[in-house]
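Visitor: Sequence:
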Amino acid sequence: MGNNIIVTVVIATFNCESTIRNAIESVVTQSANEIELVIVDGNSTDQTISIIEEYSDHISAFVSENDNGIYDAWNKGVRLGSGSWFSFIGADDVLYPDAMQNYIDYVNSSCPKDALVVSSRVNLVTASGNSRTIGEAWNWAKFRRIMNIAHVGALHKRQLFDHYGLFDSSYRICGDYELLLRPRGDLNASYMPEITAIVSDGGTSRAAGGRIFDETFKAKVTAGGRSSVNAYFEKKIAHAKWALKNIVRGSNRK
229 MGNNIIVTVV
239 IATFNCESTI
249 RNAIESVVTQ
259 SANEIELVIV
269 DGNSTDQTIS
279 IIEEYSDHIS
289 AFVSENDNGI
299 YDAWNKGVRL
309 GSGSWFSFIG
319 ADDVLYPDAM
329 QNYIDYVNSS
339 CPKDALVVSS
349 RVNLVTASGN
359 SRTIGEAWNW
369 AKFRRIMNIA
379 HVGALHKRQL
389 FDHYGLFDSS
399 YRICGDYELL
409 LRPRGDLNAS
419 YMPEITAIVS
429 DGGTSRAAGG
439 RIFDETFKAK
449 VTAGGRSSVN
459 AYFEKKIAHA
469 KWALKNIVRG
479 SNRK
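What the sequence shown shows, in the numbering used here, is residues 229 to 482, in sequence order.
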């Protein structure tokens, strides 16, 4: 690793032997040089740690110990990283080869100097191979109602954590949304329209089922200042859409 680290990429892992190699490969083969990789493992009991150790020459920091979920792991990654910016990907996500170079070029050219977050677009891929592109420019009027930016791979400036704190580890699914709600309309966020990652549409959020709606409601009200009435109706609408999609998905499998 070079001395001029601009981006620290953080991966949280736990018993992910089937996907972690691809995630690591996508980071260590990035065209950008000014990046480092930090991996925080939650005491995996499968082959995850053995696979990670194969890449020890490419990893700036690695720790494996009991943790309190993905956001606790990401907080450890922030403390271990030396970058000016932090990017978080899941153990089943993959960065495109030029993702970090595109981000770095954007930060060094078009990005507003006071931006604390830079997001992009990602390809969301289902288990059946269907894909759709998600990720919009940050807009407070919309963001306070729905998480409409693509968080995977997005850049978070170190000053964001210095000023607003780390992730709330009491969350299991929506801790990223809660963090970015804290500044409310004062968040300085920028948007790069390139597609930077492939994201599995079957990770923590989908596996958690209805819990995501409870956490979203909590984040909106406590961190985002949304009225409980508005947040409640938004929760019910989102849950109904989710249930309908599951019904349609089940029908298509028959």
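Since the hints were made in silico from the structure, they are not lab data. All C-beta atoms, glycine included, are put in the ideal place defined by N, C-alpha and C. Hints are not guaranteed to be accurate.
Derived BS3-like pairs (lysine-lysine); straight-line CA-CA distance at most 30 Å [to be verified]:
#  : residue 1 : residue 2
1  : Lys473    : Lys304
2  : Lys446    : Lys469
3  : Lys473    : Lys370
4  : Lys446    : Lys463
5  : Lys473    : Lys446
6  : Lys473    : Lys463
7  : Lys446    : Lys385
8  : Lys341    : Lys463
9  : Lys385    : Lys469
10 : Lys473    : Lys385
11 : Lys446    : Lys464
12 : Lys304    : Lys385
13 : Lys385    : Lys341
14 : Lys385    : Lys370
15 : Lys341    : Lys304
16 : Lys341    : Lys370
17 : Lys370    : Lys469
Just the calculated beta-carbon pair ranges, DEER-fashion [said to hold, decoys possible]:
#  : residue 1 : residue 2 : range
18 : Thr273    : Trp470    : 42 to 48 Å
19 : Glu364    : Arg386    : 32 to 38 Å
20 : Tyr460    : Gln275    : 29 to 35 Å
21 : Asn474    : Arg373    : 18 to 24 Å
Visitor: Now tell me if each hint is right for this structure.
Guide: Right, here's what the structure says about each hint:
1. Annotation: proposed proximity of Lys473 to Lys304 is violated, straight-line Cα distance about 36 Å (limit 30 Å).
2. Annotation: proposed proximity of Lys446 to Lys469 holds, straight-line Cα distance about 19 Å (limit 30 Å).
3. Restraint check for Lys473 and Lys370: satisfied, since their Cα atoms lie roughly 22 Å apart, inside the 30 Å limit.
4. Between Lys446 and Lys463, the direct Cα distance comes to roughly 10 Å. Compliance with the 30 Å bound is thereby established for this hinted pair.
5. With a C-alpha separation of about 23 Å, the suggested pair Lys473 and Lys446 falls inside the 30 Å cut-off, and the hint holds.
6. As the CA atoms of Lys473 and Lys463 are separated by approximately 15 Å, the hinted pair is consistent with the 30 Å bound.
7. Taking the CA atoms of Lys446 and Lys385, the gap is about 25 Å. The hint holds against a cut of 30 Å.
8. Taking the CA atoms of Lys341 and Lys463, the gap is near 35 Å; set against the 30 Å cutoff, the hint is violated.
9. A C-alpha spacing of about 34 Å is found between Lys385 and Lys469, which places the hinted pair above 30 Å, so the restraint is violated.
10. Our distance criterion of 30 Å between C-alpha atoms is broken by Lys473 and Lys385, whose separation comes to about 36 Å.
11. Between Lys446 and Lys464, the direct Cα distance comes to roughly 13 Å. Compliance with the 30 Å bound is thereby established for this hinted pair.
12. For the suggested pair Lys304 and Lys385, the alpha carbons sit about 16 Å apart, so the restraint of at most 30 Å is met.
13. For the hint linking Lys385 to Lys341, the alpha-carbon distance of about 11 Å falls within 30 Å, and the restraint holds.
14. At roughly 22 Å between alpha-carbon atoms, Lys385 and Lys370 fall within 30 Å of each other, so this suggested pair holds.
15. The hinted pair formed by Lys341 and Lys304 meets the criterion: a straight-line CA distance of about 26 Å does not exceed 30 Å.
16. Restraint check for Lys341 and Lys370: satisfied, since their Cα atoms lie roughly 23 Å apart, inside the 30 Å limit.
17. For a cut-off of 30 Å, the pair hint linking Lys370 to Lys469 stands: about 18 Å separates their Cα positions.
18. For Thr273 and Trp470, the hinted distance range of 42 to 48 Å is not satisfied, since their beta carbons lie about 32 Å from each other.
19. For Glu364 and Arg386, the Cβ-Cβ distance of about 25 Å falls outside the hinted range of 32 to 38 Å, so the restraint is violated.
20. A beta carbon spacing of about 44 Å between Tyr460 and Gln275 contradicts the range 29 to 35 Å that was offered as a hint.
21. Separated by about 22 Å at the C-beta atoms, Asn474 and Arg373 satisfy the suggested range of 18 to 24 Å.
Of the numbered hints listed earlier, those contradicted by the structure are 1, 8, 9, 10, 18, 19, 20.
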